[in-house]
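Residues per chain, in single letters:
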Amino acid sequence: MAAITEAKAGNILTLNNVEVVYDYVSLAIKGVSLAVPQGGMVALLGANGAGKSTTLKSISGLLAAERGEVRRGEVAFQGQPINALMPQDRVRLGIAHVLEGRRVFEHLTPDENLIAASAVRSRHDAARNKDRVYSYFPRLFERRGSAAGYLSGGEQQMLAIGRALMTQPKLLMLDEPSLGLAPFLVAEIFQILSRINREDGLSVLLVEQNAIAALEIVSHGYLIESGRIVMHDTAEALKRNPDIQEFYLGGAENKNFRDIKHYRRRKRWLT
Amino acid sequence: MQPTDGGAPAAATAATTPTTATTWDFGADTTLSRLLARNAEVFPDDIAMREKSKGIWQEMSWRQVLDSMLHCAAGLESLGFAAGDVLLVVGDNRPRLYIGMIAAGALGGHAMPAFPDATLDEIKHFVHEADVRFVLAEDQEQVDKMLDLREQDAGIAHVIYDDPRGLAAYPFPGLLSWDALCARGEARLKAESGLREALIARANPDGPAVFVHSSGSTGKPKGIVLSHRNLLSGVRNAYHGGAFDFGESILAYLPMAWVGDFAVTVAGGVALRFVINIPERQETVLQNLREVAPTFYLAAPRSWDNMLTTIQVRMEDSTPFKKAIYKFFMASALSAERRKLEGGQPTLKEMLLGPLGEWLVCGPIKDQFGLSRLRGAFTGGEAMGEDTFVFYRALGIKLRQLYGQTESSAYNALQGPDEVRLHTVGRPFPGVEVQISDAGEILVRSGSVFSGYFKQEAATREALRDGWLHTGDAGYLEPNGHLVVLGRLSDVVHTAKGERYIPNYIENRLKFSPYIKEAAVLGAGRDRLAALICIDKEAVGFWAELRGISYMSYADLSQKPEVATLILEAVRHVNRTLPEPLHLTRFVNLHKEFDADDGEITRTRKIRRNVVEDRYAPIIDAIYDNRSSVLMKAQITYETGEVGVIERTLTVQEV
Amino acid sequence: MDILLLLESALNGALVGLMYSLVAMGIVLIYKSSSVPNLAQGAMVMLAGYVILAFANQLHLPIWAAIPLGIVTMFVIGIGIERVALRRLAGRPIIMILMMTLGIEIFLRAGSMTIWGGTSRPLPIGISDSPLFLGPLLINRAYAVGAGVAVVMFVLLVLFFRTRIGVVLRAISDDYTAAWSVGISVERGVALSWAISAVVATIAAVLWGSVQGVDQSLALLLLKGVTVAVLGGLDSIGGALLAGILLGIVEGTASVVLDPLLGGASRELVDAAMLILTIMLRPHGLFGRHDIERV
Amino acid sequence: MLFRQAGILHTNYAQDRALFPIPADRWMIGGLLLLAATAPLYLNSLYLSSYLLPWLVWTAAALGLNLILGWAGQFHLGYAAVMGIGAYAAVHAQRAGVPWEIAIVLAGLTAAVIGSVFAFAALRVKGLYLALSTLALQFVMDWTISHVPAISGGTQATLQAPDIRLLGQAVTSDAGLYYVALVWCVLVTTFMLNLRRTALGRALVAVREKDYAAAVIGVNSFYFKLVAFATSSFIAGVSGAVLIGTFYHAVTPEQFSVDVSIQALAMVIVGGLGSIIGSYFGAGFILLMPGAMNSFISWLTGLFGFSLGIETLAHLPHALYGALIIGFLLLEPLGLGKIYGNVRDYLLVWPFGYVKK
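Protein chains in written order, with the working numbering: chain H, 3 to 273; chain C, 153 to 807; chain G, 660 to 954; chain V, 546 to 902.
One thing to keep in mind: the hints can contain errors.
Unchecked claim - Which residues of chain G face chain H? A partial, calculated answer using Cβ under 8 Å:
| # | residue |
| --- | --- |
| 1 | Ile774 |
| 2 | Thr778 |
| 3 | Asp833 |
| 4 | Ala837 |
| 5 | Ser844 |
| 6 | Leu945 |
| 7 | Arg948 |
As the list claims (entries may be wrong) - Output of the computed footprint for chain G on chain V, the stretches with three or more beta carbons under 8 Å from beta carbons of chain G:
| # | stretch |
| --- | --- |
| 8 | 577-586 |
| 9 | 646-660 |
Said to hold, decoys possible - Calculated lysine-lysine pairs in the DSBU-like style (CA-CA distance at most 30 Å, straight line):
| # | chain 1 | residue 1 | chain 2 | residue 2 |
| --- | --- | --- | --- | --- |
| 10 | C | Lys475 | H | Lys241 |
| 11 | C | Lys475 | V | Lys671 |
| 12 | V | Lys671 | V | Lys883 |
Hints in this document: simulated from the structure, not taken from any laboratory.
The model shown is predicted, which means the values in this text are computed figures rather than measured ones.
For every residue, glycine included, the Cβ atom is placed at its ideal position computed from N, Cα and C.
Assemble the whole structure, with the sequences as input and the hints as a guide.
In structure tokens form, the structure reads like this:
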């Protein structure tokens with residue numbers, strides 16, 4: 003709690019009571035408030051359909067394509083409200099969104115993928131950024147000439163992240179980057195993420211179902227359930243929380259089958 | 153104390169009952185198992201229970217319920233369960249748990265329902281109090297609790313579970329699934345001729361039907377054993393008093409450990425052949441309520457309050473056009489209803505608007521919440537806020553106050569359909585005698601009154617004198633025979649200046665505000681009144697969202713200056729209805745809700761004043777020391793029994 | 660059968676086919692840069708013809724001024740179509756977008772007729788009627804010019820798709836959402852592709868108008884255009900060029916061979932048969948890309 | 546406000562999947578059926594045979610196209626050709642002495658067999674490719690019909706359709722023909738309503754959502770696409786035959802040209818993809834619009850006292866037709882059916898603002 007209040011001044015992103023409604027009638031998230039500190043790494047955890055992707059889209063402005071709208075609340079980037087901005091204007095400000103399921107431009111080569119993603123930057127910057135991306139992901143450089151649709155899942159994820167980096171973001175948002183990837187690849191990608199965070203001071207908002215991996219690299223985590231933030235704390239505290247251990251960290255420490263619970267604790271999340 | 157069959161004699165009433173509906177002669181000299189057998193014989197294929205499960209309402213006929221009950225009873229007996237034994241029943245409302253309770257009663261044993269969210273300590277108290285050896289648990293969660301208890305030396309020998317999910321691999325001795333238990337019983341019933349009839353006839357009308365506990369707002373809950381005769385007398389009295397009729401459709405959602413649930417769902421349900429609908433889960437009650445659209449609905453004031461808050465919040469979130477229509481018609485209906493309750497006539501305009509409002513606003517709202525088919529809507533358990541009461545009446549729900557105690561099987565008095573007044577609880581039921589003692593205490597005598605607290609001689613002597621139950625409630629009878637209940641005798645308190653008041657009354661007024669969920673009024677022995685307030689997170693949260701006020705958690709929200717102003721308005725509003733000396737002068741928005749796990753309220757959500765005064769002593773001191781803020785270190789009990797501490801600065805608000 | 664006549668038909672057919680390619684390129688251009696199947700390209704050709712005529716006849720401008728003005732006007736109309744009709748449908752099922760282009764087709768075609776009437780008007784651009792001679796073969800001079808322009812357009816478009824903007828447009832056609840997510844203004848990209856396509860339509864209108872006059876029949880070029888586009892592969896500029904030549908040759912020779920047998924109108928049958936054959940044998944045309952399916 | 550939903554509980558899965566669980570819907574459908582059944586009593590024969598009858602037949606046809614477009618998600622730009630096949634088959638069968646009842650079944654079967662050819666195109670390609678190949682097939686069929694005298698009865702010829710005879714009784718009265726159309730439309734509607742609840746309906750939706758994924762979970766998209774095209778073609782064929790038998794009474798190739806295909810497509814789109822009630826709205830709208838447009842234009846010219854050229858008058862309604870299609874797609878891409886659904890939702894949650902998910 004305290005961490006958030008004192009960091010308020012240094013937050014690159016704040017969401018204040020954001021409510022998103024799809025198709026005018028169905029409520030997806032409600033009263034979501036969160037903050038990403040400048041240069042920090044924050045995870046947004048939650049189950050399928052909890053509203054994680056919707057939250058990210060409300061930040062990157064991609065809701066409109068799915069008939070969604072931010073009906074209430076404010077999304078502020080570097081202190082400026084950005085609710086009214088088009089997606090490309092948000093990218094120009096420095097918000098990059100790596101979509102769930104990678105969504106690379108399949109018929110373009112990795113090289114063209116990166117060029118296409120530099121639309122909001124100058125030619126000079128694009129060249130420099132491309133070098134940087136290839137230095138982070140040398141494997142992409144090796145495969146820069148073949149259609150991206152034929153890359154492996156891990157390579158596509160790297161390309162998706164690299165593509166986002168081409169926009170020179172200040173805040174990088176990733177939607178389930180570990181989805182469908184082998185554990186060693188997840189580890190590699192997360193390592194690169196923390197390296198980028200460390201070296202470039204890039205703020206990161208990571209949406210994950212894989213809480214174990216995510217809590218290893220972030221400093222702070224939010225937990226979203228049924229479209230509402232139900233708790234948030236430092237990664238350390240979250241890892242210790244019994245609720246998190248049970249439902250998000252899985253049965254890693256289960257001693258016997260009595261620990262496999264088929265019911266939810268009645269107690270509400272304590273914050 | 154001998155149960156008396158006061159009031160209308162059974163024979164006389166039999167002739168007046170509808171011929172199509174009844175085969176019960178309205179005597180209380182029978183048992184639930186015999187009545188169940190009778191239902192199964194005369195109406196074998198009528199629907200007795202419905203349970204929402206796997207997306208549909210799975211039905212059970214009376215014959216199936218009886219068979220299931222007999223299988224369970226025979227199975228229990230084969231495990232060694234005998235007359236006088238206790239079967240602890242713990243879980244949410246489930247058909248098998250109800251059937252298991254009837255089975256325990258059929259064997260002359262005590263069925264002891266417990267709240268599904270009861271902590272280990274609470275259950276431990278029950279288990280030791282009555283030497284519980286048998287448990288009927290709903291699911292893995294409850295089984296885990298019982299296993300934990302057993303590890304702590306409790307004498308629990310047999311744990312029977314309903315839902316096998318996650319339990320298949322448990323290797324613990326004495327753990328038995330409901331199906332296995334019933335298979336065992338079924339085999340016995342096949343093998344032993346005459347067992348079936350014997351089991352049906354076994355129980356004695358004066359034998360135990362259920363073992364419940366008083367709410368224990370002032371101390372440890374006291375055990376209360378109600379006999380078949382007690383409960384059936386209560387049902388009979390209420391039936392004659394017009395509370396319900398044969399064949400009502402009900403939603404069994406009240407906590408099973410509350411006497412009201414047993415008195416309505418089991419006693420009323422079996423005696424009057426209700427269709428007992430059981431919701432899928434606690435969270436789906438509202439949705440299931442709409443699907444069932446019961447004809448009879450009893451809820452605690454708190455539930456009605458919650459539903460009202462939901463209606464208000466959802467209305468606030470509606471489109472401007474719909475909102476305007478709602479406001480217009482509701483205002484008219486409210487003023488008409490208020491005038492009617494005070495004995496006046498509605499104006500011509502109100503009469504004209506009424507049907508239109510019913511079609512446009514009231515009807516749809518009742519439909520949305522499944523209240524459109526209600527013949528009987530009741531509030532009971534404690535006093536209800538006046539404004540909530542008027543709201544539902546205005547909505548066209550003929551809400552009525554029901555008055556009773558656990559000790560008298562829940563049924564004492566009820567407002568007649570056309571005699572609803574705000575300050576009374578109506579006339580005592582036929583068969584219930586009411587007197588007012590010299591001290592102003594309400595005394596009750598009826599066949600429904602219990603015969604004493606479990607293993608508590610002193611308390612029993614205190615409560616039962618010369619056949620009269622001393623209810624502990626202050627009240628009086630009006631000349632026209634209507635009973636007025638003022639509140640708990642023990643609740644009537646005085647300020648240092650000698651002002652007499654009942655905290656509960658003021659608290660109920662506060663709670664009408666959708667933004668206030670709980671309140672504790674302070675002032676006994678002090679020179680002025682103050683309040684601890686728990687905001688309603690849903691309503692205040694929504695209010696905050698509309699205004700773009702950011703918050704993270706309950707604690708965070710409760711301390712927002714805007715929220716303080718909001719609550720201040722509500723408190724001032726209440727003050728305007730109170731005499732000057734009883735005005736609330738200061739209040740604090742607490743950082744958490746009162747919680748039964750922390751012992752601050754009972755499971756039926758009545759305030760435990762001593763606990764609250766003790767736990768929030770630093771805040772109370774700050775209030776009366778005229779400080780403007782206070783650092784509160786709060787203890788939080790997790791359900792595992794672990795204890796955590798939260799530190800927080802709270803602001804004291806001046807009114 | 661006269662082999663020379665056959666050859667001559669085939670050669671002129673190839674040139675006409677290249678002019679079909681000009682229409683097809685407009686369709687390919689839009690498909691390649693926004694995945695929108697454009698069934699309004701024929702109507703745009705027709706509209707462009709009328710627009711140029713309006714500048715030339717009603718404002719009495721010389722043809723060399725009317726054509727650039729027509730190009731500019733159509734460029735703006737192309738942008739307008741995106742703004743008015745397509746923007747709100749972005750991300751919608753393709754069937755709706757297809758229906759939208761059909762609606763635009765009906766509107767533009769019937770709208771032009773409402774304003775300018777149905778009689779055919781000549782659009783002379785100063786190409787002489789006298790044929791060219793290639794050895795013993797007679798070649799239509801207008802067709803030859805049209806074919807030349809088509810090849811130039813082909814080169815320009817291929818180069819265009821290699822530029823950064825071209826790559827961005829191809830990215831848009833791959834995945835709208837992903838394009839938005841990296842800051843590409845999808846709306847502007849789609850508008851640009853429609854604007855360029857409208858310019859291509861204008862050039863086709865000039866060439867076709869000079870050959871057969873400006874009337875409703877220009878809109879029917881849509882059928883030739885889509886046939887060529889499908890045959891070549893909807894996202895292949897080169898495919899459109901080669902398919903145009905192929906269709907032109909087949910049509911040209913078929914009309915010589917089949918017309919006497921079937922009593923005329925064999926061109927339409929040949930078109931339909933080519934289309935069906937293409938889909939049966941090479942579902943994505945000669946050079947079209949295949950979807951990369953991943954679940 | 547009109548829809549009361551309290552007390553609707555399902556005690557078995559059949560009830561849970563009932564077509565109209567809400568009583569208000571059942572009342573409305575009952576009322577509409579009653580109105581439709583008694584229409585000849587209160588409508589004069591002009592309205593009956595010039596408006597109501599074609600509306601019903603075209604609704605049935607639009608529903609068949611919606612099966613392909615809305616349910617299976619496949620393009621079809623050659624629907625009118627399939628209707629034409631049915632129409633010609635029925636007329637030829639009738640002229641050969643086959644009773645009408647059997648002739649329309651033959652019409653449906655012929656259309657189903659030939660229409661399934663479209664399915665083979667759909668199996669190979671998607672999107673625009675499919676749209677164009679179905680369009681190509683439409684041209685081939687147009688060409689075949691008009692160029693084979695045995696079918697068309699000679700170039701440019703009109704083939705008279707014999708009167709309908711049902712069970713040996715000639716049906717010639719307006720009311721009688723109307724009832725034939727009504728029964729066919731109700732049959733198709735009932736079929737479509739129930740299709741949603743069958744394995745076939747769900748499989749079609751699975752194919753629509755994603756071919757490849759459907760195949761992965763074991764939905765044989767080849768089989769289902771084939772069934773969808775065959776069923777839809779059957780409905781088209783019978784509808785074509787009924788249209789000729791009850792409305793046109795003679796058959797010409799122009800009745801089923803590519804423009805008519807586009808018109809059928811417009812009915813489905815304007816009505817709403819996959820929406821049954823939308824098909825009613827869409828068919829009604831597209832059929833009524835040209836007449837309404839002409840009246841509107843003459844009203845306007847009368848109002849402002851100017852006159853329009855012949856050519857303008859001829860083309861303006863067509864341009865407005867295009868504009869309306871554009872307008873509809875902009876206003877509500879899911880069509881009139883969706884607008885109806887929105888109104889219904891609005892009333893369903895009344896007086897609250899929205900449903901909680």
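### Query
Holds or violated: is the Cβ of leucine 945/G closer than 8 Å to a Cβ in chain H?
violated, 17 Å
### Query
Holds or violated: serine 844/G as interface residue toward chain H, Cβ cutoff 8 Å?
holds, 5 Å
### Query
Would the pair lysine 671/V and lysine 883/V pass a check requiring their Cα atoms to be no farther apart than 30 Å?
holds, 25 Å
### Task
Given that the stretch 646-660 of chain V was listed as covered by chain G, double-check it with a C-beta distance under 8 Å for 3 or more residues.
violated (count 0)
### Query
Holds or violated: arginine 948/G as interface residue toward chain H, Cβ cutoff 8 Å?
holds, 6 Å
### Task
Would you settle whether the hint for isoleucine 774/G is holds or violated, based on the nearest Cβ-Cβ distance to chain H being less than 8 Å?
Because about 36 Å separates isoleucine 774/G from the closest Cβ in chain H, which is outside the 8 Å limit, the hint is violated.
### Message
Given the hinted pair lysine 475/C and lysine 671/V, is their Cα-Cα distance within 30 Å?
### Response
Given that 30 Å is the threshold and the Cα spacing comes to 48 Å, the pair is violated.
### Message
Quick check on the hint: threonine 778/G CB to chain H CB, less than 8 Å?
### Response
violated, 45 Å
### Task
Report holds or violated for the interface hint on aspartate 833/G, using the least CB-CB distance to chain H and a cut-off of 8 Å.
holds, 4 Å
### Query
If you look at each residue in the stretch 577-586 of chain V, do at least three have a Cβ nearer than 8 Å to any Cβ of chain G?
violated (count 0)
#### Entry: Interface hint compliance - alanine 837/G to chain H, C-beta minimum distance less than 8 Å
Hint on alanine 837/G: holds, closest Cβ of chain H at ~4 Å, below 8 Å.
### Message
For lysine 475/C and lysine 241/H, compute the direct alpha-carbon distance and say whether it is at most 30 Å.
### Response
This hinted pair is violated, its Cα atoms lying about 45 Å apart.
Hints 1, 2, 6, 8, 9, 10, 11, counting from the list given before, are not met by this structure.
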